[in-house]
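K.L.:
Sequence:
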Amino acid sequence: MSYSFTEKKRIRKSFAKQPASLKVPYLLAMQKNSYEEFLQNSVTSAMRKNIGLQKAFADIFPIISNNGSTRLDFISYSLNSPLFDVRECLLRGVSYAGKLHAKIRLTVFDRETDFKTILHSKEEEVYMGEIPFMTDTASFIINGNERVVVAQLHRSPGAYFEHDHGKNHSANKLLYSARIIPYRGSWLDMEFDAKDLVFFRIDKRRKMMITLL
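If you're matching positions, the sequence shown starts at 1 in this note's numbering and goes up one per residue.
Please keep in mind that the hints were generated in silico from the structure rather than gathered at the bench. It is possible that part of the hints are untrue.
[Stated by the list, open to error] Ranges between beta-carbon positions, derived for each pair:
(1) Tyr127 x Ala58: 55 to 61 angstroms
(2) His169 x Lys99: 41 to 47 angstroms
(3) Asp114 x Ser81: 45 to 51 angstroms
(4) Tyr160 x Asp114: 39 to 45 angstroms
(5) Thr117 x Ser45: 25 to 31 angstroms
(6) Met208 x Gly144: 35 to 41 angstroms
(7) Gly93 x Phe61: 31 to 37 angstroms
A virtual CB, placed ideally from N, CA and C, is assigned to each residue, including glycine.
Assemble the whole structure, with the sequences as input and the hints as a guide.
P.N.:
This is how it looks when you write it as structure tokens:
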């Protein structure tokens, strides 16, 4: 029996009198099968179940405009293989991930026929971002670092009120702020400055006057 270099340095000898009665299962199977079920990358679009990534798209679409004249429908999604393998991602300091494309259909209805007649319809693949791929050891490569769990802090939807404890004002004046987190969509932040003017931000971007809302 041939041993690898690591196995030659760490050969384990068993002193048990009874042989092992139970075979140790493949402990990584649960994590790998669960993530594969989430992506359903090896399943054709017509045979995918309404779970995981497929369910996330199904919950968002269709998207209909306020007046009902246009509608966006989700058709299917596809995942490209990662550009580099696991070893190359570790050396380059990049993520082991594949590009996610979604096929979207845009339909425009005729207002004169009470939105029952379709003026035109167009299908196009849209780049949605990157999805981390799981390695053979049930880990992820994020920016060249191997991680077992990709954690994300998720705040519950609702309204949050707070102040800066006087840290941003020389006279220790309290500057109050509010944040509205929806179930789905952009975050809205509203804050007072030192002159008691109210500003707002959308998704933590550029600050604008509240009168623009």
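K.L.:
Does each hint fit the structure? Answer for all of them.
P.N.:
Hints and how they fare:
no.	hint	verdict
1	Tyr127 x Ala58: 55 to 61 angstroms	violated, 20 angstroms
2	His169 x Lys99: 41 to 47 angstroms	holds, 46 angstroms
3	Asp114 x Ser81: 45 to 51 angstroms	holds, 46 angstroms
4	Tyr160 x Asp114: 39 to 45 angstroms	holds, 43 angstroms
5	Thr117 x Ser45: 25 to 31 angstroms	holds, 29 angstroms
6	Met208 x Gly144: 35 to 41 angstroms	holds, 37 angstroms
7	Gly93 x Phe61: 31 to 37 angstroms	holds, 35 angstroms
Hint compliance for this structure: hint 1 is the single one not met.
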